[in-house]
Every structure is written in C-alpha cells, then in structure tokens.
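Chemist: Full structure from sequences and hints, please.
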Amino acid sequence: MIESLLVANRGEIARRVVRTARRLGVRTVAVYSEADVGALHVVEADEAVLIGPGAPAQSYLDGAAVLAAARSTGAVAIHPGYGFLSESASFARSVLDAGLVWVGPDPSSIERLGDKINARNLMADAGVPVADGTREPVADAEVAAREAERIGYPVMVKASAGGGGIGMSVAHDEGELRAAFVTARSRAERFFNDPAILLERYVARARHVEVQILGLADGRVVTLGDRDCSVQRRHQKVAEETPSPGVGEALRTRMLAAAVRAGETVDYRGAGTVECLVDETAQDFVFLEMNTRLQVEHPVTEAVSGIDLVEQQLLIASGDPVSFDPGAVRLTGHALELRVYAEDPIRFLPGPGLITEWIEPSGPGVRVDSGYRAGDTVTPFYDPLLAKLVVWGADRTQALERARTAVDGFQVQGPRCNLPFFDELLADPEFVSGRYDTGLIGRMRR
Amino acid sequence: MSHEVRAEMVANVWKVVVAAGDAIEEGDTLVILESMKMEIPVLSEVAGRVAEVAVAEGDVVQEGDVLAIIN
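Those protein sequences? They're chains A and B, same order as listed.
Using our numbering, the first residue of the first sequence is number 1, and each one after it goes up by one.
Using our numbering, the first residue of the second sequence is number 1001, and each one after it goes up by one.
Hints are computed from structural coordinates only; laboratory data are not their basis.
Take these hints with a grain of salt, some might be off.
[Unchecked claim] Cross-link-like lysine to aspartate or glutamate pairs, in silico, DMTMM-like; alpha carbons within 25 angstroms at most:
no., chain 1, residue 1, chain 2, residue 2
1, B, 1015, B, 1034
2, B, 1037, A, 194
3, B, 1037, B, 1063
4, B, 1015, B, 1039
5, B, 1015, A, 189
6, B, 1015, B, 1045
7, B, 1037, A, 376
8, B, 1015, A, 176
9, B, 1037, A, 189
10, B, 1037, B, 1057
11, B, 1037, B, 1065
12, B, 1015, B, 1065
13, B, 1037, A, 344
14, B, 1015, A, 140
15, B, 1015, B, 1025
16, B, 1015, A, 383
17, B, 1037, A, 383
18, B, 1037, A, 34
19, B, 1015, B, 1052
20, B, 1015, A, 376
21, B, 1015, B, 1057
22, B, 1015, B, 1028
23, B, 1015, A, 194
24, B, 1037, A, 46
25, B, 1037, B, 1059
26, B, 1037, A, 136
27, B, 1015, B, 1063
Fair warning: this is a prediction, and the values are worked out from it, not measured in the lab.
Modeler: Structural data, given as structure tokens:
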C-alpha cells in the first residue's frame, strides 16, 4: 500500500477519499484554493497546501501547482476525485512522469475513452451495442444536417470531449439541429478546448443506467452492479438508485457482460463506469460513454455491496489484490443517493451564499457525504453540490421511506437549496412506481 | 418608464449580449451570467431600448446588483 496520498480535489469527495486513506493508515495531503481556506477537506487532511486563487483554472485545474504540492509534501500518490483533473490524460501522464502513483487508469485508457466519438467506435468494434451516430467529428452545420437526416430525428448533439451535460442538446428538426450545432461547438471550445461534435440517435423515453467496473491489478475486469441515474435536470444527475427498477435480470446480465467487455477492450485498471441508455419497454440498451474515474454516485454501490471503492482504487493503484473476493460479490438491498445542491427546488438555478444552519440527518441506513458546515460560504466558483444523502434499505420501499425521513431531518439555511425538491420526488407517483425515465423532472415541472 | 434588470445570484458576467441603444423584445437575452459551472442567461421582461449596460464581461456581480436598464 502507498505510504501517502495527495487528494487533488475539494468538497465532499476530497473528504471521502481522505476518510478511507486515513483508515488504511495512509498519510493524506489536501490542496485548496483561496476560496476554500478553512474548508472541511483542508482541516481534515494531515497536511494542506494552498495552490492558488478560487478560479478552478488557477488552482484545482492547475496540474503544475498540484504536482508542486506533491513534491513539497513528499506525497507518493495522487487521487484526482471526479471532475477537475480526473479525466485529463496529460495530467495523469505528468503524475507518472514525476515518479508518482496515479490513482486511476493508465493515461492511454483515459485518452481512448475520454473522446466520446473514439469511445463509441471502440465499443462498437468490440461488439458492445451503440446508438446510431457519427463515427467522425462533424465538421460543420451542413454535414450535421446530412448526418441527422441519415440517423433520423430526434438526434442528440454532443461535444465529443464533453462531460457533465455541458454542450448537449436535442434537435427534433433541421432548424433546431443547426442552432444546437452552433451552441454545442461554442461550448465545446470554451469548456473542453476541443470543437469536435458528435451526433447520436436520441432515445426519448430512456433510462440512464450505468455499470460499476473495477479493473484489477491482475488484469481481470469485474462488475459491482448497476446504478440508475435517470432523475436528471439539464442532463445532469440529481438522484440515483441501485439496483435499477427498470432493468430485468436478463438485461442486467447482458449489460454487466458488455461492461466487462468494454473494460477489457482498453485494458482498464481501477474504478470506472460504463454508462448506458436503457429502453425499459424493449429491455434493451446501448453504450453511451465511459467515465474513467470514481463516480459521484459511487456510494450507492458501496451501500449494497459493503465494498469501499476508494480502498479498492488505492489497492489497485498500489498493485495489490482487492480486499474482497471478486467471485463472491453479493449485492443486498436497495440504495438511493440524493444530491443536495445549492440551487432552488423549482427552476434549479444556483444560489451561492453563507451557510447559517447545517444539520445532517442520521439513522439506520443513512450516510451523508458532505463538503460544508455552518459558517462556510458556498462560492460561485465550483459546482453546486453541497452533500450527498445516501440511504439504504432492505428493499426499495424501505429505502424510500428512510429517505423521506432523512430529507426531513436535513436542515440547510443560507444558500438556495434543493432539499424541498426531494420531498416532491419521494412522493411523486411515477418515481415511487419505479417506472420513470430521464424525462421525469421535465414532467414534474410541466 | 425605466426598468432595472438585476442579478438573481452571485455570479461572474460571462457575456454581455446587448449594448446601450439596442432595441430589444421581451425575452431577449441581455447578458449571460456564470455561477457554479452553469451559464444563466438573463432575459428582458420588457420590450424597449437598452438605456445602459451596467456590467462588463468578467465582472463579479452580487445578488441584487443592477445589470442593465431598459427604457
């Protein structure tokens, strides 16, 4: 096992990684920006290094500053969390070049999968089903119109290098397509520094279901069940659950097998997520993309498996066997994650501010991964995730019931907060029935 | 009558879309704010003419700050 670990992230995920590292006796180093002075992730690590101003490009995205912090503290490994530098192949490579351990897949795996067009082509060639779409970057609006005609409307327009729903939109006809293409390309250039655009057949009433994989140090790829992430606004997840209520056993078996094939295709090491779109009625799926890092919603998998995913990441990165028997994984019960965001519960617009009250719920089956406490200021620099409320139950009914109680016990005052949305969600007949899709929030807000 | 358009939240001004003197319709985008990794277009609630744009690209605005004045 590595002796020390720098966590190149902030908020709840930095705290969560430090928690496991500490349990395993690994010395921890935090990095932070001027906007995060005194933050929980900073005070809880063994050491902390200020790496720059609040703007992400000058701190958490500044690979050279992160590497300098590792050097000055003697950290031997870097865990990137999610977002920020986690899917930067060039940063991963510079970590390895500096003689440090990178807690993540090989940079070449990140490179091959980070580009959505390339990833789709790889998967299609490996026999994993993909939605009809473009195999080459779409050069201009004319090509986009021609390709959309071939694929058939509606189509999804995406930044090939994108993530987090940024630059994605659906076009139902040529007019919308041309507008969507221009928007997607400007977002792609601005946020991802890569103008490549991809078109894909859009499935309207689809569920978004993903499979957790672990590429072991000995080369095997194992799965740890699925997660349903269909509760979304702006193509971004708000709540997740496992197992997916919309996936039958036959489909689940096929999806898990495809996820293993996806991982094996790129010699994947470490934790990764294979995202798919599921047609619940047809019980069929297509590959969407692969996330080459720990996923925000990984705690629901931990809740039903009893496996600490960060521990496995650290073991795999150290070249050690995982702490569980990959042939005897048992998933028990049902788990939900609710993302508590600093945004209003109606229009979902963000609202930073000073937290004047912060009370977390507790109880059987309740876990809260949070990044804030009373007295902290939520700044406009970072994403609006305040905390993840994770609830486990013996079955879905119990998990929902416990979630309702936990939401009522979660008090946040100061910034805008979407907690009231979860009261609504947990009472929504469609959500409660389990038969919902990615259009759920849109219908709740019509 | 002049109409003040104010920021709904702490944000950075990413883009100023209109300039003083522009004729605008209700629903036109005046500026685009950015907060918490999200772009937030600020739309005009009235039709009229832009009397003043009170912010520049890159500015940080607080909740309630005036962004533009519409006549």
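Chemist: All hints are to be evaluated individually against the structure, with a verdict given for each.
Modeler: Hints versus structure:
1. Of the supplied pair hints, the one linking residue 1015 of chain B and residue 1034 of chain B holds, its CA atoms being roughly 9 angstroms apart against a limit of 25 angstroms.
2. A hinted pair counts as satisfied when its Cα atoms are at most 25 angstroms apart, and residue 1037 of chain B with residue 194 of chain A qualifies at roughly 18 angstroms.
3. Taking the CA atoms of residue 1037 of chain B and residue 1063 of chain B, the gap is about 17 angstroms. The hint holds against a cut of 25 angstroms.
4. A C-alpha spacing of about 10 angstroms is found between residue 1015 of chain B and residue 1039 of chain B, which places the hinted pair at or below 25 angstroms, so the restraint holds.
5. Among the hinted pairs, residue 1015 of chain B with residue 189 of chain A is consistent with the structure: their alpha-carbon atoms are about 15 angstroms apart, no more than 25 angstroms.
6. This hinted pair checks out: residue 1015 of chain B and residue 1045 of chain B have alpha carbons roughly 18 angstroms apart, not beyond 25 angstroms.
7. Distance check on the hinted pair: residue 1037 of chain B and residue 376 of chain A sit about 19 angstroms apart at the alpha-carbon level, within 25 angstroms; holds.
8. About 23 angstroms separates the Cα atoms of residue 1015 of chain B and residue 176 of chain A, which keeps this hinted pair within 25 angstroms; it holds.
9. For the given pair, residue 1037 of chain B sits about 15 angstroms from residue 189 of chain A by alpha-carbon distance, which is consistent with the 25 angstroms threshold.
10. Restraint check: the Cα-Cα separation between residue 1037 of chain B and residue 1057 of chain B comes to about 16 angstroms, which is no more than 25 angstroms; the hinted pair holds.
11. A threshold of 25 angstroms between alpha carbons decides the hint, and for residue 1037 of chain B with residue 1065 of chain B the separation of about 20 angstroms falls inside it, so the pair holds.
12. Pair hint residue 1015 of chain B plus residue 1065 of chain B holds up; C-alpha atoms about 16 angstroms apart against a cutoff of 25 angstroms.
13. Our distance criterion of 25 angstroms between C-alpha atoms is met by residue 1037 of chain B and residue 344 of chain A, whose separation comes to about 15 angstroms.
14. A C-alpha spacing of about 24 angstroms is found between residue 1015 of chain B and residue 140 of chain A, which places the hinted pair at or below 25 angstroms, so the restraint holds.
15. Proposed proximity of residue 1015 of chain B and residue 1025 of chain B is supported: the alpha carbons are some 18 angstroms apart, at most 25 angstroms.
16. Proximity of residue 1015 of chain B to residue 383 of chain A is assessed by CA-CA distance (about 20 angstroms); at most 25 angstroms being required, the pair is judged to hold.
17. With a CA separation close to 5 angstroms, the supplied pair residue 1037 of chain B and residue 383 of chain A stays within the 25 angstroms bound.
18. Among the hinted pairs, residue 1037 of chain B with residue 34 of chain A is consistent with the structure: their alpha-carbon atoms are about 18 angstroms apart, no more than 25 angstroms.
19. The hinted pair formed by residue 1015 of chain B and residue 1052 of chain B meets the criterion: a straight-line CA distance of about 15 angstroms does not exceed 25 angstroms.
20. For the hint linking residue 1015 of chain B to residue 376 of chain A, the alpha-carbon distance of about 29 angstroms lies beyond 25 angstroms, and the restraint is violated.
21. Annotation: proposed proximity of residue 1015 of chain B to residue 1057 of chain B holds, straight-line Cα distance about 5 angstroms (limit 25 angstroms).
22. Under the criterion of a C-alpha separation no larger than 25 angstroms, the hint pairing residue 1015 of chain B with residue 1028 of chain B is consistent with the structure, at around 14 angstroms.
23. For the given pair, residue 1015 of chain B sits about 20 angstroms from residue 194 of chain A by alpha-carbon distance, which is consistent with the 25 angstroms threshold.
24. A hinted pair counts as satisfied when its Cα atoms are at most 25 angstroms apart, and residue 1037 of chain B with residue 46 of chain A does not qualify at roughly 29 angstroms.
25. Taking the CA atoms of residue 1037 of chain B and residue 1059 of chain B, the gap is about 16 angstroms. The hint holds against a cut of 25 angstroms.
26. With a CA separation close to 28 angstroms, the supplied pair residue 1037 of chain B and residue 136 of chain A exceeds the 25 angstroms bound.
27. Between residue 1015 of chain B and residue 1063 of chain B the alpha-carbon distance is near 17 angstroms, which keeps this suggested pair within the 25 angstroms criterion.
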